[in-house]
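In order, the protein sequence lines correspond to chains X and R. First residue of the first sequence: 1, per my numbering; consecutive thereafter. First residue of the second sequence: 1, per my numbering; consecutive thereafter.
Derived from the structure by calculation, the hints contain no laboratory data. Hints may be right or wrong, so weigh each one.
Below, computed lysine to any residue pairings styled on SDA-like, alpha-carbon distance capped at 25 Å [stated by the list, open to error]:
1) K7(X) to R436(R)
2) K353(R) to D170(X)
3) K72(X) to G4(R)
4) K165(R) to G4(R)
Owing to the predicted nature of the structure, the values given are computational and were not obtained by experimental measurement.
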Amino acid sequence: MSNVSKKYHRGHESVDALHSISLDIYRGELLAIVGPSGSGKTTLTHIVGGLITPDTGIVEVEGRPLKGRHDKQLSSFRNSEVGFVFQNFSLIPYYTVLENVALPLVVAKMASHKRREVAKEYLKLVGLEKRMHQRANELSGGERQRVAIARALVNHPQIIIADEPTGSLDSARGNEIMAILETLSHKRGITVLMVTHDTKLAARADRSVHIQDGHLVKEESHANR
Amino acid sequence: MRTGDYLATALKDIRRQPLRSGLTIFALIISTVILVLMAAISVGGRQAITEQFGPNSGLTGIAVTPNQSNASLSPFGGVQEVNAKATKLDDTTVATLTKLPYVTSASPQAHIWELANFSLDGNDKQFIAQAEGVPSDAQLPLTTGTAFTSNDQANVAVIGLSYAKALGFGDNPSQLIGKTIHITTQKGYRGIGAIIPGAAATKAELDAFSQQATTLHVQIVGITTTGPNQNELFVPIGWAHAIRTIHYYDAGTAKQTDQIAENGYTTIKVTADSTVDVAAVSSAIEALGYGQVSTLSQVQRLQQLSATMWMILGAVAIIAVVAAALGVVNTMLMAVSEQRYTIGVWRACGARKRTMVMLFLTESALLGFIGGALGVAIGMFASRFVNEYVGVLLQNQGLTLTNIAIVPPWLAGGTIMVTTIFGIIAGVYPAYRAARQDPVRALTE
């Protein structure tokens, strides 16, 4: 991305979320985006994930710009190339675990029996295949986050965007989730963008960028591979 | 998304809030039942009109009366206005009417007031005898049996198809041919078959006679088709003269008075050569000073009445459905408001705005469909109840109109379609709001 800026308008006021951010993210990289609350790090990931569009600047994924894409194209991009993991898990509470994981496949028009198989496979990957018929609101925090990761992976995305993925978990569960993200990046070659406050977690990433008041203030590489 | 997934997701959302969805569907059911019943009564009314007046070929009939009627002023019929020019209807009148342009036949009909009621031999059901005397060449349309062999044939009758239906012979009326009916006369009857007190009868004997009815035993020779004759009982005109001839003693001398000869026929049934010429024949009859009521004008008046009723009932029903649809709007708006987070999840997983619109439209359409289908089912059941209840009431009054509310397949299917379309329309605004929601705000708030 180059020179990406974004403003939010609240009534008559406008708040600068991002100021001319330029950043290259590499395939298979585990990138930590670090910064205090309100610094603009979540906005940055939402722009990369095609959930919001920047006011100015260019964002390209695999050399293809996101700008100018219609709702259909952006939705298709989110469905097939990006997987989101949010701090609050973002599961539909009255759906079963299996239904939650299969949601991107429903959007992708996959046949019912096939998507069950695929969703089961990813639930096995995160160790929750035995709880697939339980409702999402019956799971613990760590289990919910693993379901969210399974859902993010189910459509074989190139990019996983994890916004404070361990923020609601204790350190043991947080470590489990972090280990999964590391595996995805280092062994499966998936690009992982992880938003975090936690500098210890950020240090486990390949690289970290620090955002403050919408500005990219620092970039560090870590030799973790 | 696949169609099946839209339906499954919408059903899941409906089941998520069972009480609210149930109440919305309940409101739709009530309005649909009203709509179905209103339409069923209108359809039943139209069918009753058609049955009453028979097929199109029966629409060329004109009933000529001695006095002119102002029936055309009102769809409910009218009163007979005494016309100084009118004379009694007799055989001369029949001959005059036969010679009018476009008239193919003119046949007299004499109402027999003396006959009160009748029953089938071996059957307890009693019917009011709407008896008419007609000539043997009256061309009564028959379902089964034969016409009278002569005007003077006695103790025979053609009965209306409605009586056959009411007696349980609707499917096979020919089984009634040859059976006997017992016709009870009015008290004090002095026509053929009555045992008249002699010239020397005392006052007490005369008083007792005035309280006494006579029973005439009559063989059924024919059954009419549906149409204007289906609720009547016909006997040959010669025998009608005999029934309506009063026998009495005057100063010890036996005397008799033929009331038909004295007062004339009740009506003369004129048949025009086509429905196009009915108006011209009607005008010609009125120009002669007689009253006339054509079957065609009666049908038109009743159809006008039916159309007006349909419009009023339809408006009431549509208002009810619109009110229920507003309930759907409210339910869907609440669903959109409550499911902001879910919408955000769907959008993050790649669902398009159009997918969200379709998802909420499917949900509102399903609410309309379920409410409509259940409403139609209950409406059909209710119309059966109405038919049974009203049928008994009408039968108690001597009428045999049974199907007052009819739900044909097109009405059932059309109503479900209407409620589903109303459901879709009700879901348009909430679905639009769902699609417009910012997924980021929905997920982070």
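TODO: Assess, step by step, whether the Cα of K7(X) is no farther than 25 Å from the Cα of R436(R), and give holds or violated.
DONE: Holds, at about 19 Å.
- [ ] Below or equal to 25 Å on CA atoms is what counts here, so check K72(X) against G4(R).
- [x] Judged against 25 Å, a Cα distance of about 21 Å means the pair holds.
- [ ] Given the hint that K165(R) pairs with G4(R), test it: the Cα-Cα distance must not exceed 25 Å.
- [x] violated, 49 Å
Open item on the list: Run the distance test for K353(R) versus D170(X): straight-line Cα separation, threshold 25 Å.
Closed with: Judged against 25 Å, a Cα distance of about 36 Å means the pair is violated.
The structure fails hints 2, 4 (numbered hints given earlier, in ascending order).
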